[in-house]
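A.B. asks: Here is what each chain is made of, one letter per residue.
Number of protein chains: 2
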Amino acid sequence: MAVYTEVADEELQSFIAGYGLGPVMSYKGIAEGVENTNYLVTTAKGPFILTLYEKRVALGDVPFFLALMEHLARSGLNCPTPVRDAQGRNLGELAGRPAALVTFLDGVWIRRPRTEHCAAVGEALARLHLAGKGFGMHRRNALRLEDWRPLFDRFRDRTDAIAPGLGATIDAELAVLERDWPQNLETGIIHADLFPDNVFFLDNKLSGLIDFYFACNDTLAYDVAVCLNAWCFEPDYSFNITKGRALLKGYTAVRPLSSGERSALPMLARGAALRFLLTRAYDWINTPADALVRRKDPLEYLRRLRFHQAVAHERDYGIEDAA
Amino acid sequence: MAVYTEVADEELQSFIAGYGLGPVMSYKGIAEGVENTNYLVTTAKGPFILTLYEKRVALGDVPFFLALMEHLARSGLNCPTPVRDAQGRNLGELAGRPAALVTFLDGVWIRRPRTEHCAAVGEALARLHLAGKGFGMHRRNALRLEDWRPLFDRFRDRTDAIAPGLGATIDAELAVLERDWPQNLETGIIHADLFPDNVFFLDNKLSGLIDFYFACNDTLAYDVAVCLNAWCFEPDYSFNITKGRALLKGYTAVRPLSSGERSALPMLARGAALRFLLTRAYDWINTPADALVRRKDPLEYLRRLRFHQAVAHERDYGIEDAA
Chain G
52 MAVYTEVADE ELQSFIAGYG LGPVMSYKGI AEGVENTNYL VTTAKGPFIL
102 TLYEKRVALG DVPFFLALME HLARSGLNCP TPVRDAQGRN LGELAGRPAA
152 LVTFLDGVWI RRPRTEHCAA VGEALARLHL AGKGFGMHRR NALRLEDWRP
202 LFDRFRDRTD AIAPGLGATI DAELAVLERD WPQNLETGII HADLFPDNVF
252 FLDNKLSGLI DFYFACNDTL AYDVAVCLNA WCFEPDYSFN ITKGRALLKG
302 YTAVRPLSSG ERSALPMLAR GAALRFLLTR AYDWINTPAD ALVRRKDPLE
352 YLRRLRFHQA VAHERDYGIE DAA
Chain R
52 MAVYTEVADE ELQSFIAGYG LGPVMSYKGI AEGVENTNYL VTTAKGPFIL
102 TLYEKRVALG DVPFFLALME HLARSGLNCP TPVRDAQGRN LGELAGRPAA
152 LVTFLDGVWI RRPRTEHCAA VGEALARLHL AGKGFGMHRR NALRLEDWRP
202 LFDRFRDRTD AIAPGLGATI DAELAVLERD WPQNLETGII HADLFPDNVF
252 FLDNKLSGLI DFYFACNDTL AYDVAVCLNA WCFEPDYSFN ITKGRALLKG
302 YTAVRPLSSG ERSALPMLAR GAALRFLLTR AYDWINTPAD ALVRRKDPLE
352 YLRRLRFHQA VAHERDYGIE DAA
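The listed protein sequences correspond, in order, to chains G and R.
Add 51 to a position in the first sequence, counting from 1, and you land on the number used in my numbering.
Add 51 to a position in the second sequence, counting from 1, and you land on the number used in my numbering.
Hints were generated in silico from the structure; no laboratory data involved.
Same chains, same label: a pair holds when it works inside one copy or across any pair of copies.
Taking lysine-lysine and the BS3-like style, the derived pairs with C-alpha atoms no more than 30 Å apart in a straight line are:
| # | residue 1 | residue 2 |
| --- | --- | --- |
| 1 | 96 | 256 |
| 2 | 184 | 300 |
| 3 | 106 | 347 |
| 4 | 256 | 347 |
| 5 | 184 | 256 |
In isolation and in its complexed conformation, chain G is listed as follows (with noise of 0.2 Å):
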């Protein structure tokens, strides 16, 4: 959460000037985001939401991002919409960052969600995997399988700072991986960073998805393995199945897995575990001490981690079987 980038009155407004909307009636840094700076501007014609891109995002990927929500968008998704300006651009640049400006939307994100929830959100996940289908962008997934450990070799000699032996458990599961992750299985847009704060709701039901900035194509199975990370544990680290068997039903309700998927969530569960494990754990090495972002707990995955480390089968997540 942070603004990063402070942008004068003046700069605002000759930049929201330039897409007609009307004069800018009040603009708020908001807390969101720890990628980006981020503005509530409202102009005439209501609220809008201003990015502006900093250092951590590739700024070559900003096209595929923003032609992504278009597309998605224009395909029923529920999601920011790109504004585009008098000359039909939908990025420009403000106070020295590439910024663009996108539609907002109405809900609030869910701290503690419930078995509905995950109903709804593996349904909207599927329906994204649907919607991705006909987007013609191509985006590597800049942290899949071949990138973890190369992180991890950044960072490995700093691990037992954080827990003793944390070192020795990220190398051998990373030997797991690279020897036994799943293959062939169906690929597409994926989101790859379907969290609670990344989820709208209003009057508990789903009103949208928000920050498409790792989307990228790579394994449609493999973001569901980060969904059932990402909603599915309890604040104890205990695997809620019944919230994994509610978040399957409504993704495959949608979009139905294919056995190759249904037996592969185990080792994409690890994998997705391990995933942000590294990430948490490179950040919270490297995050200075008075950096604006508070750092999160990189722990919270290695118990995930363990749990899908013990899972013999994937009715263990709440898949029905095959009739």
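Once you have looked at the hints, place chain R on chain G.
C.D. replies: Quick look at chain R alone, frame taken from chain G:
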């Protein structure tokens, strides 16, 4: 700029439900205000600001601030107005903090004020002083002359870490102020912190004043001196007499300054510069390196103080002589 207290969706929804404003459509932590946590909450009735009062605010003072905003709004001043819940209360509790909901004010604050903005803020300050007259509650200024030396004593041995000789400069200035501080000028409700970020404009017209959390009873002309410091210096720390004249003309058009107030301006301006120098120096030394708040440079106020020390006559601020 910070969100010190995270509020969960369920807590927030049940808190807002007590106000009869319809369901919460969205809420975002906003990166404004260094003392409190602020959320922009939108319900079916429109946007509101939710403030959670953090430790730096003396809780006993909150009813004063809320009653003052209600009084000023009733008196025709455009400022956030506390919303009362179904039980008629304007102060509740949320996430373990005292919390209040106030109306949302359109407008943006001006990063580089021009002369016309200074004129408008002078006029608005005078209107605030007049509107405060009928207010029945009283709050001592917690940062008046008598408080400056005790505050200085808490960090005087570390001032030279900010700038060599700073401690001696403050010491000498305090001696002058303690000897020559103007007495017996008209008192009343003052804002005490009317910096550009607390004044909103729409289309270059002043649309409202915010942040009354330093408001108190004190010398009215001291509030004018604060504004001269806050609005009329250029980025190179030179005093812009055109802006000073505009601010004073705007003020006196609504509330004339007595001859005693006019001649006191140089000393009041020195005091105001020292007050902000002291709190910024204290914060500079005491803000932990991992704080979510960016520190403000105290030396900006040393530069202003130097200007005021050299002022021979109130005409140097641009005040018109009484005809």
